[in-house]
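Residue numbers (full-length UniProt numbering), protein chains in the order written: chain A, 1 to 367; chain B, 1 to 367.
Warning: the hint list may mix true and false statements.
Given that identical chains are not distinguished, each listed pair holds provided it fits within a single copy or across any two copies.
[To be verified] Straight-line Cα separation of at most 25 Å, SDA-like style, residue types lysine to any residue; simulated pairs:
1. Lys78 <-> Ala310
2. Lys78 <-> Arg101
3. Lys82 <-> Arg251
4. Lys78 <-> Leu118
5. Lys78 <-> Ser278
6. Lys312 <-> Asp257
7. Lys78 <-> Gly29
8. Lys78 <-> Ser61
9. Lys78 <-> Gly348
10. Lys82 <-> Arg101
11. Lys82 <-> Asp165
Source of the hints: derived by calculation from the structure; they are not laboratory data.
Number of protein chains: 2
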Amino acid sequence: MPSGPRGGSAIDAAIDDSDAVAFVAIVRGDDPTGRYLTGVELGVETVYVRAAGETHLRVPSTVDVPDVSGASVRVDDKPAGKAAAAILANYAEGGTVLAPRTIPHDAALHLESAGYELTSTTAVRDARAVKDADEREAIEAVQRAATRGIERAASILADATVEDDTLVWADAPLSTERLRRQVNTTLAIEGVDTAGATDVTAGTRGEAGSAVELAPGEPLVVSVAPRGPAGYRGALARTFVVDADGGWERRAHVACDAARDVALVEANVGADAGFLGSEIRAETAAFGFSMADEVTRDVGGGIGLAVREAPKLDGDTELVAGNVLRIRAAITHGDHGRVELTDVLVVGDDGPQFVGDAPTGLDPSRW
Amino acid sequence: MPSGPRGGSAIDAAIDDSDAVAFVAIVRGDDPTGRYLTGVELGVETVYVRAAGETHLRVPSTVDVPDVSGASVRVDDKPAGKAAAAILANYAEGGTVLAPRTIPHDAALHLESAGYELTSTTAVRDARAVKDADEREAIEAVQRAATRGIERAASILADATVEDDTLVWADAPLSTERLRRQVNTTLAIEGVDTAGATDVTAGTRGEAGSAVELAPGEPLVVSVAPRGPAGYRGALARTFVVDADGGWERRAHVACDAARDVALVEANVGADAGFLGSEIRAETAAFGFSMADEVTRDVGGGIGLAVREAPKLDGDTELVAGNVLRIRAAITHGDHGRVELTDVLVVGDDGPQFVGDAPTGLDPSRW
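So that you can see chain A by itself, here it is in the shape it has in the complex (with noise of 0.2 Å):
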């Protein structure tokens, strides 16, 4: 399991590079990049200094002070800016700042009146965006816990019978919210955290929590993206079909499908990610489906701490080894509803591979 702060070094080379003094970075406290920086979840705003190969945290008194291995941390309630410049003040009354681009306005205005000129740098973002070993195994656990959450959904809607165009399970009607409650309950006995991010969507009815009541032959999207003990999110969402009439639902699903394939050859050490994520779309598009209303424009991007984070695939991004992807093929129709498949893919020097190995077909009962 990933532990201890993380990018101190990519921090220090771009300092090197930048003849600055010091990077500073304002960490709210659910933001993913403090738990990168420290190991820990901080929990409130914290200030991140690091100067000199040294890492300094100032977190509110308000809180019992964090163990955070390698750091000093210090207690105040001074604006973040303010607190920063404090800390800047032991290695350098002037000079080059780096922080990323959205360091609080408050906090940039501030250190620029403590006569610090601030450059702003990707240079966490660009660490985060390539998994070490640790990453990739933290990834890898989080994302088996995933599809044992999917497998129990299959399970389900493979036992579930039909009676009155509803699915009934367990001699109740199967609705959204209780296939997802049924999701969550296996996520939480394999150890990791909803992260409020699983969905269960019913043909054109409406989204998870409104419980709609599944019927058969509509596709049934699930999708889950938890957070396993390091703070590493998993992806995956399956569409399922009870009774399927072999319409649209099924030429949707070999659309995403192919799709889905798309990123075994095109997710390459070296390859643009903005050509990557226009190559899942055409495919899907060309087995009929209209670019501008059905496809899909979140084709996924880097996934690791946050479900969000770079690589993009817009942009003119090369792919290096180490970059951990979300990759979802969907389209939407307003008459049928939505089909989707999600995975997480590991950019490689031996070539891009899925993590894990959940099947993708729309029979429940083939899981």
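Given chain A, work out where chain B should sit, using these hints.
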């Protein structure tokens, strides 16, 4: 269940008060502000602009367009500040624009270079701090589920037997991790999200995830903070001891129970939030615990879409009717571990009231 956008009228009033032309926020995917302002889970960085009583959103082209009640949604991939300026251009060519003080620095610079003068506002933070009836109902519902989760832990601990100084349940040693998974299973069945916030700690022997085996005589803290379907959080922590010998943990528990009751006396409309926090700490210390080393500094604060939001229990905020507070009393000792009681409390015109009726005792068989 709370649904639809919130905060619009508070923003409009702030715009009027400042003779501003608009309000701008850049909302990250996982920022609860986005859920508050739009009523939906956006999942991606979204530009929010409110002007002349109208709401505009901008999302990136890599996602499907969200359906947000009462808002017009546009899609492009400009930097957030430029996208906001493009929307503002339809209303005014310059003038004052309100924004949270933490607006990303790059977006602030783009807006300024487009001719707008930024003024910071706390309108959204302040609006979120006062919960309406629907929001309070959502918090009450998730707190009921939280109580079921802790109840499950109590029931397992009450059934556990002691063998060789280890707790045994269902024919196997009971660990922090095993108990945590059981609590999370109950939360899943109740239909709420575990939100990565379920922790079980045993005496001084490390945090959840390390799967420490539970022993009799040591304080076991079970802490949950689930998220309900509308995004609102609960918070509940209880401390149990199996076969307590009446030592440190009993004394610490009496202190925490008394400190918790302070909220029922002090959390009144018009009271100083910082004073409430100090009084909770002072009451804990009054039982002979060190304010510097043993009494927690995290005695709570506002709770809603985030576990930590306004009002803070430091500074000189005045409590108002509709504030919902997490109230936490905790004592940590290097040789004994931690004793903690956490609850949610509503500040009302007829006085403060804890949400739910979870017992506070140390003995799990009394639940």
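Verification of the supplied hints:
1. Lys78 <-> Ala310: Between copies, since 17 Å is at most 25 Å while 32 Å is not.
2. Lys78 <-> Arg101: both (22 Å within a copy, 15 Å between copies)
3. Lys82 <-> Arg251: Intra 59 Å, inter 41 Å, cutoff 25 Å: neither.
4. Lys78 <-> Leu118: For Lys78 and Leu118, the Cα distance is within 25 Å both inside one copy (20 Å) and across copies (22 Å).
5. Lys78 <-> Ser278: between (47 Å within a copy, 19 Å between copies)
6. Lys312 <-> Asp257: This pair counts as within: shortest intra-copy Cα distance 22 Å, inter-copy 50 Å.
7. Lys78 <-> Gly29: within (17 Å within a copy, 27 Å between copies)
8. Lys78 <-> Ser61: within (10 Å within a copy, 38 Å between copies)
9. Lys78 <-> Gly348: Answer is neither: 45 Å inside a copy and 31 Å across each miss the 25 Å cutoff.
10. Lys82 <-> Arg101: both (18 Å within a copy, 14 Å between copies)
11. Lys82 <-> Asp165: neither (64 Å within a copy, 51 Å between copies)
Hints 3, 9 and 11, counting from the list given before, are not met by this structure.
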